[in-house]
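Engineer: Based on the provided sequences and hints, a complete structural model is requested.
Now for the letters of each chain:
Number of protein chains: 2
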Amino acid sequence: MAYFDAASAVPLHPVARQALLASLDEGWADPARLYREGRRARMLLDAAREAVAEAVGCRTDEVVFTSSGTRAVHTGVAGALAGRRRVGHHLIVSAVEHSSVLHSAEVFEADGGTVTRVPVNRAGAVDPSAYADALRGDTALAVLQSANHEVGTEQPVAQVAEACRAAGVPLLVDAAQSLGWGRVEGDWSLLAASAHKWGGPPGVGLLVVRKGVRFAARGPVDERESGRAAGFENIPAIVAAAASLRAVRAEAAAEAVRLRELTERIRARVPELVPDVEVVGDPRRRLPGVVTFSCLYVDGEALLHELDREGFSVSSGSSCTSSTLTPSHVLRAMGVLSEGNVRVSLPPGAAEEDVERFLSVLPGAVAAVREKLGAPAAGPAAPAADGDAVVVDAVGRRCPIPVIELAKVIGDVPVGGTVRVLADDEAARLDIPAWCEMRGQEYVGEEPADTGMAYVVRRLS
Amino acid sequence: MAYFDAASAVPLHPVARQALLASLDEGWADPARLYREGRRARMLLDAAREAVAEAVGCRTDEVVFTSSGTRAVHTGVAGALAGRRRVGHHLIVSAVEHSSVLHSAEVFEADGGTVTRVPVNRAGAVDPSAYADALRGDTALAVLQSANHEVGTEQPVAQVAEACRAAGVPLLVDAAQSLGWGRVEGDWSLLAASAHKWGGPPGVGLLVVRKGVRFAARGPVDERESGRAAGFENIPAIVAAAASLRAVRAEAAAEAVRLRELTERIRARVPELVPDVEVVGDPRRRLPGVVTFSCLYVDGEALLHELDREGFSVSSGSSCTSSTLTPSHVLRAMGVLSEGNVRVSLPPGAAEEDVERFLSVLPGAVAAVREKLGAPAAGPAAPAADGDAVVVDAVGRRCPIPVIELAKVIGDVPVGGTVRVLADDEAARLDIPAWCEMRGQEYVGEEPADTGMAYVVRRLS
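So the protein sequences, as listed, match chains A and B. Following the UniProt record's numbering, the numbering of the first sequence begins with 1 at its first residue and continues without gaps. Following the UniProt record's numbering, the numbering of the second sequence begins with 1 at its first residue and continues without gaps.
Hints may contain errors.
[Said to hold, decoys possible] Simulated restraints, written as ranges between beta carbons of each label pair:
id, chain 1, residue 1, chain 2, residue 2, range
1, A, G57, B, D111, 33 to 41 Å
2, A, S360, B, D111, 57 to 65 Å
3, B, A110, A, G57, 34 to 42 Å
4, A, D61, B, G212, 43 to 51 Å
5, A, T114, B, A167, 41 to 49 Å
6, A, T451, B, A110, 16 to 24 Å
7, A, E54, B, R269, 49 to 57 Å
8, A, A250, B, M1, 44 to 52 Å
9, A, G212, B, V395, 32 to 40 Å
10, B, D111, A, G168, 26 to 34 Å
11, A, E310, B, R59, 37 to 45 Å
[Stated by the list, open to error] One-sided excerpt, in silico: chain A residues whose CB lies under 8 Å from chain B:
id, residue
12, S8
13, H74
14, A230
15, E310
16, S313
17, L359
Hints listed in this document are in silico derivations from the structure and should not be mistaken for laboratory results. We treat Cβ as the ideally placed atom computed from N, Cα and C, and that holds for glycine.
Structural biologist: Set out below in structure tokens:
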């Protein structure tokens, strides 16, 4: 049994568990009350706030505890936008932000705001100068993650923060994936994070609003948390979250080196062990524990099931694993293959032997899925010669079938000939060009067809 | 040491503690994931939802877990109003709702909505026919608490629900104070509650939206909790909350009888033991564990400190205990004395000997505060005869000083003569008329003065 989905959630840190138990007894009362149980709760809350402020590198009165990281982002984005509504109604986000940021942006757009989504390179990173170019006179807020949750790529936060500072625009950093590893560098204005990513309990998010940042809380408020997070404070969980943050930070430097070595091993060995695999994300500027790859001709959900049967818990950005049947917006923005996508995110303490066992199990798991799907054998298809244009009808077939069908027939057209793949699965738009890139074939483009789209590929070799 | 502020929060129920510990180990993963840790978390969440649905008396797919009772109210009110925005922009609440409801109403008003605040009688209850009269063709939502959080008075929810149903208006019931005691009767449409009031952990609220009720979630959403509560589910806390609800319900019938007897004892004995006290709230239709009284010539905060020193944790609706320096809106709506206000709310399991000790300690605590403030002795003042109109200047003096000064001089005017109390403390508006009622003097009315108001009292006896 190996849990390799730390980017989603990690089990409670032993230190957090201890702190939670103690503060269930000591911190259940209302900290706004004057009697001893209330004062005791207030002391615990104050101490937790100090610990978190120290870990973040901010003042205690800049820290707001929310009920989740998602809530911290929603509150932070809405409050900062409202605080600067006289400046303008323009918001900048990167194209690969967490859904909580993108959903906030959609709400802002629906209310009449304008949103610029800064693109990323094939490694998943924004270009700081492209980000800076998006800043306008009416920009109310800029948002950038410290590191990407799906591929682990670190963003150039300090440089973007500098550009924002120069333009007088506050930058909100979504530090959900990185805060356990260290402070966010650079002169940011707001920060959001989530405790259950660093071994704290669920139910605690963190919103930091620097002094001097204009902020107008939205919706009904109360007196708690500086009027920025309504509702009874969850003190036992907050205390546990703070304790856990201190504990993982104490272990962070050594553990980062160890996990980086393990993920480097996965990055290097998976393409050797498994044919037709693309490892995605920045190879160097990345989170220590995250490695993501996509496997041609593989159904992500089926692969997750195979790996689960073998005792490995990982996640996937493939469309077949999402309820919306669209591939991950991160992989789409990067322009990389989404089919057969696997994210391995190692929790602190992940065992080397589990990683080795994963590497030994993965090739068989991928092969089993490919066999069930009738995937073509690896390598370029054998030349064939009937006609110079072939049409493959994959309408109604889900990822990765359209790509599998394409691969099966590419050898049937001569070099210079074309294959038209008819498909209505959203993933085909991403995966057919990605297949061409991996296979050295030419992606000509897409055209509307009777049902869905026609994706045209020219054989080059 | 006795904690008598259960209406604010109660310590974790032992059953909840056990459930929390178990599900910290089993329920920390993302329930949306396909791997075993995710499936295990999903099973725990589903089981908790079933237990809560059974306790509430609703379908499992009507239950939404939020991060607090306040959040449940905010989400429920906003979602129901938005769901019926085509019907109209009129909201009905009672004047004595929890601040989370009133804050929601204020936001709705600021956005152009109209709010009717249904008054209450001197016992704190709405009149069902007055509530029904407030229903209009453009009423989008009606809100009523099941029982009041400050004085314990139960509201006629079933009758109001019937009137709302007849008018086709959904009724949202804030059941925060009563859900641990039993299901909410009547044909309500939405329900909100908070787990830490029934011995669950903080961090769990409950929103129930009946099938068929129009509901449009506001703000950024995600796929969790039917799109009605964004953010990672706090499963360990939800499991603990459900376990606690079952446990307190199993004990509710017997415990209600026991606590009702204890609070009845306080209701009866406090006026015998302490002079110049008004017990407020409905003597019969009330929560089992809550009893509230106000003491003339007493500073609520000072009394809370005295009682805390004696080992009793209670709360107060007096203005001097709130950061806004206004008396509780509940006491104001009831038109009862707010000074020296004490709410005793017994948690399940409260010991009889602690209640007896409270009764033995209270008279001395009140007397000590009165002595410090220089309060007049109890009973009608001795007749005096210099002039038939006296002016008392209490500008800049906080509650209960204006009333104390009034009581000191009332004997200096002849029967038929008047006292004008100049005061700028908001509590005087409530407490001077209440004093007149308690003392059998005539409250003539208020007039604007150079600073603050002049409150005019005529001596009748």
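Engineer: Hint by hint, note whether the structure agrees.
Structural biologist: Hints versus structure:
{"no.": "1", "hint": "G57(A) with D111(B): 33 to 41 Å", "result": "38 Å, holds"}
{"no.": "2", "hint": "S360(A) with D111(B): 57 to 65 Å", "result": "60 Å, holds"}
{"no.": "3", "hint": "A110(B) with G57(A): 34 to 42 Å", "result": "36 Å, holds"}
{"no.": "4", "hint": "D61(A) with G212(B): 43 to 51 Å", "result": "46 Å, holds"}
{"no.": "5", "hint": "T114(A) with A167(B): 41 to 49 Å", "result": "42 Å, holds"}
{"no.": "6", "hint": "T451(A) with A110(B): 16 to 24 Å", "result": "49 Å, violated"}
{"no.": "7", "hint": "E54(A) with R269(B): 49 to 57 Å", "result": "51 Å, holds"}
{"no.": "8", "hint": "A250(A) with M1(B): 44 to 52 Å", "result": "36 Å, violated"}
{"no.": "9", "hint": "G212(A) with V395(B): 32 to 40 Å", "result": "38 Å, holds"}
{"no.": "10", "hint": "D111(B) with G168(A): 26 to 34 Å", "result": "30 Å, holds"}
{"no.": "11", "hint": "E310(A) with R59(B): 37 to 45 Å", "result": "38 Å, holds"}
{"no.": "12", "hint": "S8", "result": "5 Å, holds"}
{"no.": "13", "hint": "H74", "result": "5 Å, holds"}
{"no.": "14", "hint": "A230", "result": "5 Å, holds"}
{"no.": "15", "hint": "E310", "result": "11 Å, violated"}
{"no.": "16", "hint": "S313", "result": "4 Å, holds"}
{"no.": "17", "hint": "L359", "result": "18 Å, violated"}
Violated hints, listed in ascending order, are 6, 8, 15, 17; each of the other numbered hints is respected by the structure.
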